[in-house]
Amino acid sequence: MNLAALQEDVSVETATLPRREKGALVRLLTCGSVDDGKSTLIGRLLWDAAGVTDDQRAAITLASHNREVNGEKIDFSLLLDGLQAEREQGITIDIAWRYFETPDRRFIIIDSPGHEQYTRNMATGASHADIAILLVDARHGAKRQTRRHAAICDLVGIKKVVLAINKMDAVDWSEARYREIEADFRAMAGSFNFAQVVTIPVAALTGDNVVHRSTAMSWYAGPTLLDYLEAVDPETEIVDGPFRMPVQLVLRASGDFRGYAGTVTSGRISVGERIVDARSGLGATLRRIVTMDGDRSSAAKGDAVTLVLDTDLDISRGAVLSEVPRRPTNADVIEARLVWLSETPFDPEAGYLLRTATDLTPVTSMSVSALVDFETLASQPAHACNVNDIADCRILLGRAAAIDLFRDLPLTGNFVLVSAIDGATVAGGVITWAQAGAPQVGDNVLVLNRALLASGVCADLGDSPADLAEFNRRAQEVAILLRSVGVPVLIEI
Amino acid sequence: MTQLTSHLKLLEAESIHIFREAAAQFRAPVLLYSIGKDSTVLLHLARKAFWPAKPPFPLLHVDTTWKFRDMIAFRDKTVRELGLDLIVHTNHDGLARNINPFDHPPSVYTDVMKTSALKQALDAGGFDAAFGGARRDEEASRAKERVFSFRAPGHRWEPRRQRPEMWQLLNGRLGKGETVRVFPLSNWTEGDVWRYIALEKLDVVPLYFAAERPVVTRNGQMLVVDDERMRLEPGETAVMRKVRFRTLGCWPLTAAVESDADDLDAIVEETLAAKMSERAGRLIDHDQDGAMEMKKREGYF
Numbered sequence: 000m001n002l003a004a005l006q007e008d009v010s011v012e013t014a015t016l017p018r019r020e021k022g023a024l025v026r027l028l029t030c031g032s033v034d035d036g037k038s039t040l041i042g043r044l045l046w047d048a049a050g051v052t053d054d055q056r057a058a059i060t061l062a063s064h065n066r067e068v069n070g071e072k073i074d075f076s077l078l079l080d081g082l083q084a085e086r087e088q089g090i091t092i093d094i095a096w097r098y099f100e101t102p103d104r105r106f107i108i109i110d111s112p113g114h115e116q117y118t119r120n121m122a123t124g125a126s127h128a129d130i131a132i133l134l135v136d137a138r139h140g141a142k143r144q145t146r147r148h149a150a151i152c153d154l155v156g157i158k159k160v161v162l163a164i165n166k167m168d169a170v171d172w173s174e175a176r177y178r179e180i181e182a183d184f185r186a187m188a189g190s191f192n193f194a195q196v197v198t199i200p201v202a203a204l205t206g207d208n209v210v211h212r213s214t215a216m217s218w219y220a221g222p223t224l225l226d227y228l229e230a231v232d233p234e235t236e237i238v239d240g241p242f243r244m245p246v247q248l249v250l251r252a253s254g255d256f257r258g259y260a261g262t263v264t265s266g267r268i269s270v271g272e273r274i275v276d277a278r279s280g281l282g283a284t285l286r287r288i289v290t291m292d293g294d295r296s297s298a299a300k301g302d303a304v305t306l307v308l309d310t311d312l313d314i315s316r317g318a319v320l321s322e323v324p325r326r327p328t329n330a331d332v333i334e335a336r337l338v339w340l341s342e343t344p345f346d347p348e349a350g351y352l353l354r355t356a357t358d359l360t361p362v363t364s365m366s367v368s369a370l371v372d373f374e375t376l377a378s379q380p381a382h383a384c385n386v387n388d389i390a391d392c393r394i395l396l397g398r399a400a401a402i403d404l405f406r407d408l409p410l411t412g413n414f415v416l417v418s419a420i421d422g423a424t425v426a427g428g429v430i431t432w433a434q435a436g437a438p439q440v441g442d443n444v445l446v447l448n449r450a451l452l453a454s455g456v457c458a459d460l461g462d463s464p465a466d467l468a469e470f471n472r473r474a475q476e477v478a479i480l481l482r483s484v485g486v487p488v489l490i491e492i
Numbered sequence: 000m001t002q003l004t005s006h007l008k009l010l011e012a013e014s015i016h017i018f019r020e021a022a023a024q025f026r027a028p029v030l031l032y033s034i035g036k037d038s039t040v041l042l043h044l045a046r047k048a049f050w051p052a053k054p055p056f057p058l059l060h061v062d063t064t065w066k067f068r069d070m071i072a073f074r075d076k077t078v079r080e081l082g083l084d085l086i087v088h089t090n091h092d093g094l095a096r097n098i099n100p101f102d103h104p105p106s107v108y109t110d111v112m113k114t115s116a117l118k119q120a121l122d123a124g125g126f127d128a129a130f131g132g133a134r135r136d137e138e139a140s141r142a143k144e145r146v147f148s149f150r151a152p153g154h155r156w157e158p159r160r161q162r163p164e165m166w167q168l169l170n171g172r173l174g175k176g177e178t179v180r181v182f183p184l185s186n187w188t189e190g191d192v193w194r195y196i197a198l199e200k201l202d203v204v205p206l207y208f209a210a211e212r213p214v215v216t217r218n219g220q221m222l223v224v225d226d227e228r229m230r231l232e233p234g235e236t237a238v239m240r241k242v243r244f245r246t247l248g249c250w251p252l253t254a255a256v257e258s259d260a261d262d263l264d265a266i267v268e269e270t271l272a273a274k275m276s277e278r279a280g281r282l283i284d285h286d287q288d289g290a291m292e293m294k295k296r297e298g299y300f
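Taken in order, these protein sequences are the chains called D and U. Counting from 1, position 331 in the first sequence corresponds to residue 330 in numbering that gives the first Met the number 0; the numbering is continuous, with no gaps. Counting from 1, position 126 in the second sequence corresponds to residue 125 in numbering that gives the first Met the number 0; the numbering is continuous, with no gaps.
Since the hints were derived computationally from the structure, they do not count as laboratory data. Careful, some of the hints might be misleading.
[To be verified] Pairs of lysine to any residue residues, derived as SDA-like cross-links and limited to a Cα-Cα distance of at most 25 Å, are as follows:
#, chain 1, residue 1, chain 2, residue 2
1, U, K274, D, Q55
2, U, K274, D, H211
3, U, K47, D, S297
4, U, K274, D, D53
5, U, K47, D, H127
6, U, K200, D, D294
7, U, K274, D, W46
8, D, K158, D, Q195
9, U, K53, D, R316
10, U, K53, D, L285
11, U, K47, D, L312
12, U, K241, D, T52
13, U, K47, D, S253
14, U, K53, D, D255
15, U, K47, D, V307
16, U, K47, D, Q55
17, U, K53, D, G293
18, U, K53, D, R295
19, D, K158, U, S5
20, U, K274, D, R56
21, U, K47, D, F256
22, U, K76, U, T89
23, U, K47, D, D311
24, U, K200, D, D292
Produce the complete structure using the sequences and hints provided.
Shown next as structure tokens:
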């Protein structure tokens, strides 16, 4: 039996469930502020749950010599910190990927750095995770960087969060302290879209409540970290989403073969059903679903396939094939929330490209309207954006792209922003609003310019940075109101 | 036969996605084919990604001239049967200077016959992207690597300057002088590779299966004598033992393990129960502390 045959069996057995066995693969992120013990926690989890081979154990035990931490003989973080600079400095710089499995599950563990300087690496890791373990030090509670990490987890779409309150040994295993931090965090988590927040008191160094239940915290009746991870359902997305398949490339082969290769990012499709290219509006009927293991009658989310249509649509990479009733927006103006990843700050004059599923679209103009304040987690009006900031922005595209809203369809609603100069990835973001028909100068369009705004709606504002940000915010709000009643608007301030 | 197979479907789809993204975004990709089990899976996934077309790139094998004979035979048979383009490159300057694994320390030999050879071949072919079968579970510095791993001019890996890589979005836009190593098997483990080979009934080099072979034990590692170039130290003799390989490289630098696993099911079982990590048998990795990271910085895979 090959893999394709096996897959058929699976879909028969679980016809009413998502066609994949639930939770076969769980992607897990550890994050939190520096020195709260992320690498130690994962090192301990691997060590106790048998994800470490004998020669690695010997090497870590040897390397831990002379590095005694809090009286412990083993420096578990050495299992994760694989770069020389990390070992020398005793910090995590980039994310580390580790793998282990229990009888029912395969885990991918992504250990991320806590330093603010390496937030871009943490954001990379977070975007690949289903579940986040957010660590706090029981002595200090949530810090600014803890809130920033929580905000990034929220931004990239993580729905399930474990708050691991670590170093409980350092607060005498105090239930009162645990309850206090838990209450603080639950209040803060209200700012986010998490579907589930679980708190677990742990001591990574001694292993309490990581794999083995703590005897020092008999007041805690919940699961250990491993218990939770083995039981949690990582699937949080809607099963019945509309069909989407971004086209990666057009395959041609002998005998006039022409197929569109891509991975289904949402929903499912069967041979004989109608398909539409969202950008051109052209439709066709699905004739074949081709794979090397033979043709299939249907394909669903997660399947990498090649689609053959009954008519040649003349479409290429970047197109999004969709079902007919629920299509993406053919948008050339979007609003988005993004995390700025580049050391070079946002520059409205710089050239950027928007990379969505498989499309790359030039950005005509871009403006920032607000930044998340990591003390209060509220949005504050702003027009500048620097490394590690989370910003709300508006982007006008040089041409329309097929776009969904991230909250509905994450894989066709996310993007990275690319520097047109050196190709670097400068930001990653999620689309919160998208609309077709950004007006062009010269059309019958209302231009909201500085003079027009300053003479009225912004007459009370001066030149301070706060006032300039407010000026920009009001301009955006006025434009939204006007567009919502069908007036084409261009902001030029 | 073995538990946990449904996640392989997810890993397979992820790898195909990566292959297609790279083929669409890079001008001249090449697939580093090193003949072992990972390359076998890599090539199989490349065929799936572009089926019914052939993979739109050639294969490249860096031949140090010290590979097992069975490996070369397997390479030639595979390429012939599948009708693929293969480039074989050897560092002839290194060969002329007689750089070999017996007279030179592993770090020197690897640098000249593998790393430099690879860079020569990539430059000569004008390749801007090279697929490799490296997996993050192999080694601590590999655990840190991106799927699209950017290399500065001169093929240098700068681990502190890796690009963000978010969600399924792979940004292959190159800066001046940059090239990319692409790792479709990043999230696979050794166990996954074997389970996949078993499920998909893929052919692998016979050296992976246990058989009686002539073995010399040196510094606690078992070397299989593959040809007459073996240099025996005083008192050493080759003894027939039932061994197999978990990883394949240059025969004087690749240690065998004692095993009775002579079919795929037995290998899967042995791999999942293994107490030692896979690269424990790779002598070049242990030459210096942080050896892999140093080699990678210089352009090794």
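Structure-based check of all given hints:
1. U:K274 - D:Q55: Distance ~9 Å between U:K274 and D:Q55 Cα, so the pair holds.
2. U:K274 - D:H211: Since the Cα atoms of U:K274 and D:H211 sit roughly 22 Å apart, the hinted pair holds (cutoff 25 Å).
3. U:K47 - D:S297: Distance ~17 Å between U:K47 and D:S297 Cα, so the pair holds.
4. U:K274 - D:D53: 5 Å, holds
5. U:K47 - D:H127: Within the cut-off at roughly 24 Å; holds.
6. U:K200 - D:D294: Within the cut-off at roughly 19 Å; holds.
7. U:K274 - D:W46: The given pair, whose Cα atoms are some 13 Å apart, holds under the 25 Å limit.
8. D:K158 - D:Q195: Distance of about 7 Å is within 25 Å: holds.
9. U:K53 - D:R316: 19 Å, holds
10. U:K53 - D:L285: 23 Å, holds
11. U:K47 - D:L312: Status holds; Cα separation ~24 Å.
12. U:K241 - D:T52: Holds, at roughly 23 Å.
13. U:K47 - D:S253: 16 Å, holds
14. U:K53 - D:D255: With a Cα-Cα distance of about 15 Å, the restraint between U:K53 and D:D255 holds, given a limit of 25 Å.
15. U:K47 - D:V307: 16 Å, holds
16. U:K47 - D:Q55: 35 Å, violated
17. U:K53 - D:G293: 16 Å, holds
18. U:K53 - D:R295: Between U:K53 and D:R295 the Cα gap is close to 20 Å, so the pair holds against 25 Å.
19. D:K158 - U:S5: 23 Å, holds
20. U:K274 - D:R56: 10 Å, holds
21. U:K47 - D:F256: The hint holds at about 16 Å.
22. U:K76 - U:T89: 20 Å, holds
23. U:K47 - D:D311: Distance of about 23 Å is within 25 Å: holds.
24. U:K200 - D:D292: Holds. U:K200 to D:D292 sits at ~13 Å (cutoff 25 Å).
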